[in-house]
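Trainee: Sequence:
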Amino acid sequence: MTMLSESYVKDLLAKIVDPCSGADLISLGWLRGVGIDGSRVSVDLRAGYPIDGIRDGLAASIKASLQADPAIETAAVSLDWKVFPHKVQGDLKPLDQIKNIIAVGSGKGGVGKSATSVNLALALQADGARVGVLDADIYGPSMPRMLGVSGNPQTVGKRIVPQQAHGLQVMSIGFMVEEDTPMIWRGPMVTSALQQLLTETNWEGLDYLVVDLPPGTGDIQLTLAQKVPVSGCVIVTTPQDIALLDARKAVQMFRKVNMTVLGIAENMSTHVCSECGHEEPIFGSGGGSRMADDYGIPLLGALPLDIRIRADLDQGTPTVVSSPDCEITASYRQLARKTAARLSMTPRNLALNVPQINIVNR
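Reading the sequence shown from the start, the letters are residues 7 to 368 in our numbering.
Quick caveat, the hints were computed from the structure, so don't treat them as lab data.
Careful, some of the hints might be misleading.
Computed beta-carbon distance windows for the label pairs [claimed, not checked]: (1) S156 / I288: 45 to 51 angstroms; (2) D299 / I248: 15 to 21 angstroms; (3) M189 / D102: 26 to 32 angstroms.
The model shown is predicted, which means the values in this text are computed figures rather than measured ones.
Backbone N, C-alpha and C define an ideal beta-carbon position, used for all residues, glycine too.
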């Protein structure tokens, strides 16, 4: 009969793969402790990203995997999670009250980047994280309309209080001007405005700040790279070749300025007819996956082209909150979990004196 030991249990956990990151529980650094009493085992695990929506199912799966071993009669699994600050580019220092900044870019317009950003943020929140959104598109701010919030934000002294929308902390230049007022500003004014919106806002204890970037690889993106401590970037594209050309430029730009590209989100992957249910990849298929393979990064999610996404955003109630149990929301929540899981695998920010445990560099 096999005698159980801590190393034996660790070997078993090393064979169990986290479905969101694709890595095993030991290399991810989830294990905090092992208890053994004869043939009974207990393990204490802590994930590095929010898992409220899948915690019970994941714990049950881990328990079943352990109990499948003939040497284990019963297994108890304690599973918690905590978001840590992760390493940013260059010598930049992390901002107070924000553990991680995730930039969402595309390289071009019209690919649904803002819709992806806002639903990504809400999906992270749905799994338990504290999340904020910064609308970095100074010329074309869309977050006020998409989140159904408007009006001048309050101030405390010289600092801005972020607006609240569906539980998110939100800041946008769109709160400062009328919806139809154009921002006729040159580049230096735009970059200065972005820095003010980021650093002069009273963000409160965020696990993630999702920054919705404007299209292109210009002033805003360069300011982000030089001034803003970003933990990781998500590139949004559609499957068509024209969109992929510009998305590739975005990947190359972020890499040249030493920012971590977490992966690709393929938007408008397929369209399902609301009348007959016929599904068709009207923008082509496989483009996001091929691009991810070319750059050695994961495809974080494939999102549908669906009229409900547009209608929900026009009403200020994004799909993740308006229809939390629908298949569209499920795709956004999967995207959020894979994004957060991927970020959790990068080195932690030791500047904050947070102990680093078995972090895998990928």
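Trainee: List in ascending order the numbers of the hints, as given earlier, that are violated by the structure.
Mentor: 1
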